[in-house]
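My request is simple: use the sequences and hints to build the entire structure.
Quick note, the sequences are listed as chains A and B, same order.
Residue 38 in our numbering sits at position 38 of the first sequence; the count goes up by one each step and never skips.
Residue 220 in our numbering sits at position 220 of the second sequence; the count goes up by one each step and never skips.
In case anyone wonders, no lab produced these hints; they're calculated from the structure.
The beta carbon of each residue, even a glycine, is placed where N, CA and C say it ideally should be.
One thing to keep in mind: the hints can contain errors.
[Unchecked claim] Here are the in silico distance ranges between beta carbons for each label pair:
id, chain 1, residue 1, chain 2, residue 2, range
1, B, Glu30, A, Arg133, 36 to 44 Å
2, B, Arg213, A, Phe80, 36 to 44 Å
3, B, Pro217, A, Lys165, 50 to 58 Å
4, A, Lys53, B, Glu187, 26 to 34 Å
[Stated by the list, open to error] Here are the simulated DSSO-like cross-link-like pairs (lysine-lysine), alpha carbons at most 27 Å apart as the crow flies:
id, chain 1, residue 1, chain 2, residue 2
5, A, Lys124, A, Lys34
6, A, Lys53, B, Lys209
7, A, Lys183, A, Lys165
8, A, Lys77, A, Lys34
9, B, Lys247, B, Lys209
10, A, Lys183, B, Lys149
[Said to hold, decoys possible] Calculated from the model, a selection of chain B residues having no Cβ within reach of chain A, i.e. all distances over 12 Å:
id, residue
11, Asp45
12, Arg58
13, Gly84
14, Arg86
15, Lys149
16, Glu150
17, Asp164
18, Gly206
19, Glu210
20, Asn224
21, Glu231
22, Gly255
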Amino acid sequence: MELLEQTASAVISGDDKRVAELTGQLIEQRVPAKTILDDGLIAGMDVVGRRFKAHEIFLPDVLLAAKAMYAGMELLKPLFIEEGVPSQGRVVIGTIRGDLHDIGKNLVGIMLKGAGYDVIDLGKDVPPEDLVRAATEHEASIIGMSALLTTTMPAMQEVVELLDKEGLSGRINTIVGGAPVTKEFARDIGATAYGYDAANAVERVKQLIPEV
Amino acid sequence: MVDGAMGTLLLERGLGPGEPPESITLSRPEVLEEVARLYVDAGADIVETNTFGASPLRLAHAGLDDRIEQLNREAVRAARSAAGDRAYVAASVGPSGALLQPMGDATPEQLYDGFRRQLEYLIGAGVDCVIVETMIDLTEAQLAVRAAKEMSPGTPVMATMTFDATPRGFYTIMGVSVEAAAAGLREAGADAVGSNCGTGIEEMIGVAKEFGRCTDPPMIIQPNAGLPQAEAGRVVYGDTPHYMAEKAGELLAMGVSVIGGCCGTTPEHIAAIRAMVDSR
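Structure below.
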């Protein structure tokens with residue numbers, strides 16, 4: 001369907017006004033919200049994610065595309081509630097305490113939303129206990145956290161330890177990332193998984209949450 | 001020679017995981033003097049102030065914005081008291097943490113005013129030069145360089161950005177190439193341009209080569225001590241002083257004239273590089 005393709009390319013080019021306009025037209029034509037999301041918005045974001053991973057485009061392009069995707073999602077929200085579109089699962093994310101670098105974390109949030117997950121984003125400089133509390137309250141099955149600094153990386157271990165202490169390790173998994181974070185580091189602190197970039201983080205989340 | 005890492009040493013001296021390094025400036029300024037002294041003793045000609053995150057936007061997040069003047073002035077005083085007449089003091093100015101419109105909410109005026117405020121205290125407290133560092137956005141880096149140059153045209157300003165290796169060459173995550181960085185930073189008035197942070201010295205040699213192709217000296221390079229690993233609840237970095245010193249020789253051969261260290265480097269790294277520099 002042409003309008004869906006146009007929506008996808010408007011997401012790719014980061015044109016939020018055009019995305020909102022096209023999404024509105026699709027809704028008027030009674031195209032199911034799930035179709036608009038999957039074949040329009042997410043289809044466009046998928047291309048953006050692939051191009052970013054291949055270093056064909058850079059962060060500014062991804063952020064503008066995400067803004068455009070959100071412009072469409074806002075319009076779809078009421079329909080999701082009406083149509084009862086199931087979520088793929090719930091993930092709590094945040095940049096760890098002391099760390100203000102949220103670019104990568106935001107990117108993971110964007111891509112997870114794009115993949116159909118409920119994302120509870122606690123922002124940056126998030127205390128370990130807040131991540132655990134939010135995951136419990138919202139019944140999320142994954143905590144995703146990132147750090148970009150030598151001084152903040154160790155704080156991610158506190159989340160793993162807190163989950164252990166509260167007997168939640170089996171129910172709530174952890175995934176870590178951030179430029180200096182390595183697979184070895186993730187293993188050493190006892191995290192469940194490691195995402196080397198935003199797209200990889202989404203793949204790891206998909207492996208951890210069984211499909212609905 | 002510039003000094004090595006600040007955060008890494010502060011962690012060893014009791015900075016809690018996730019605490020802003022600037023908090024030490026208020027609570028234990030003597031630690032800053034100790035760190036600067038260690039680096040001067042190791043052979044650094046320039047020591048940096050503990051003010052990487054002491055800009056209004058970042059301090060606001062840590063709830064320290066009402067202490068901005070004291071944080072910047074005290075950090076200069078501590079570095080100066082350790083440096084004496086043995087080393088210069090460089091003002092460290094890091095990114096604001098905000099993204100410019102349309103990607104984020106910040107306006108160029110906001111960022112410029114923020115840098116200007118921080119630099120007023122730093123330059124007012126008598127730094128010898130300024131290092132604008134770890135930048136990923138060229139516009140933001142230029143705003144910081146301009147703020148320094150407009151306030152004090154005679155103060156040398158060095159500017160570094162952080163690059164990733166991609167199949168198409170080195171780019172910052174915001175998509176700034178080495179060529180664009182070199183031209184843009186010079187145009188803004190930077191006296192020396194180059195790179196800091198990133199993955200380690202091996203990759204940095206590639207970045208330096210690229211800078212060498214695009215711009216005239218002086219160039220400044222401050223690599224990390226490799227990639228961080230967790231060890232018994234602490235973060236340690238893989239590249240040894242010996243390895244870094246050996247590799248730093250290649251940087252010198254490429255015409256890099258200012259060398260220092262970023263995350264994970266210690267006085268031992270600086271001493272080893274110093275010995276290598278002196279042996280040439």
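Hints, verified against the model:
{"no.": "1", "hint": "B/Glu30 x A/Arg133: 36 to 44 Å", "in the structure": "holds, 37 Å"}
{"no.": "2", "hint": "B/Arg213 x A/Phe80: 36 to 44 Å", "in the structure": "violated, 52 Å"}
{"no.": "3", "hint": "B/Pro217 x A/Lys165: 50 to 58 Å", "in the structure": "holds, 55 Å"}
{"no.": "4", "hint": "A/Lys53 x B/Glu187: 26 to 34 Å", "in the structure": "holds, 32 Å"}
{"no.": "5", "hint": "A/Lys124 x A/Lys34", "in the structure": "violated, 31 Å"}
{"no.": "6", "hint": "A/Lys53 x B/Lys209", "in the structure": "holds, 25 Å"}
{"no.": "7", "hint": "A/Lys183 x A/Lys165", "in the structure": "holds, 23 Å"}
{"no.": "8", "hint": "A/Lys77 x A/Lys34", "in the structure": "holds, 10 Å"}
{"no.": "9", "hint": "B/Lys247 x B/Lys209", "in the structure": "holds, 13 Å"}
{"no.": "10", "hint": "A/Lys183 x B/Lys149", "in the structure": "violated, 42 Å"}
{"no.": "11", "hint": "Asp45", "in the structure": "holds, 24 Å"}
{"no.": "12", "hint": "Arg58", "in the structure": "violated, 6 Å"}
{"no.": "13", "hint": "Gly84", "in the structure": "holds, 28 Å"}
{"no.": "14", "hint": "Arg86", "in the structure": "holds, 27 Å"}
{"no.": "15", "hint": "Lys149", "in the structure": "holds, 26 Å"}
{"no.": "16", "hint": "Glu150", "in the structure": "holds, 26 Å"}
{"no.": "17", "hint": "Asp164", "in the structure": "violated, 8 Å"}
{"no.": "18", "hint": "Gly206", "in the structure": "holds, 15 Å"}
{"no.": "19", "hint": "Glu210", "in the structure": "holds, 15 Å"}
{"no.": "20", "hint": "Asn224", "in the structure": "violated, 8 Å"}
{"no.": "21", "hint": "Glu231", "in the structure": "violated, 7 Å"}
{"no.": "22", "hint": "Gly255", "in the structure": "holds, 28 Å"}
Of the numbered hints stated above, those contradicted by the structure are hints 2, 5, 10, 12, 17, 20 and 21, listed in ascending order.
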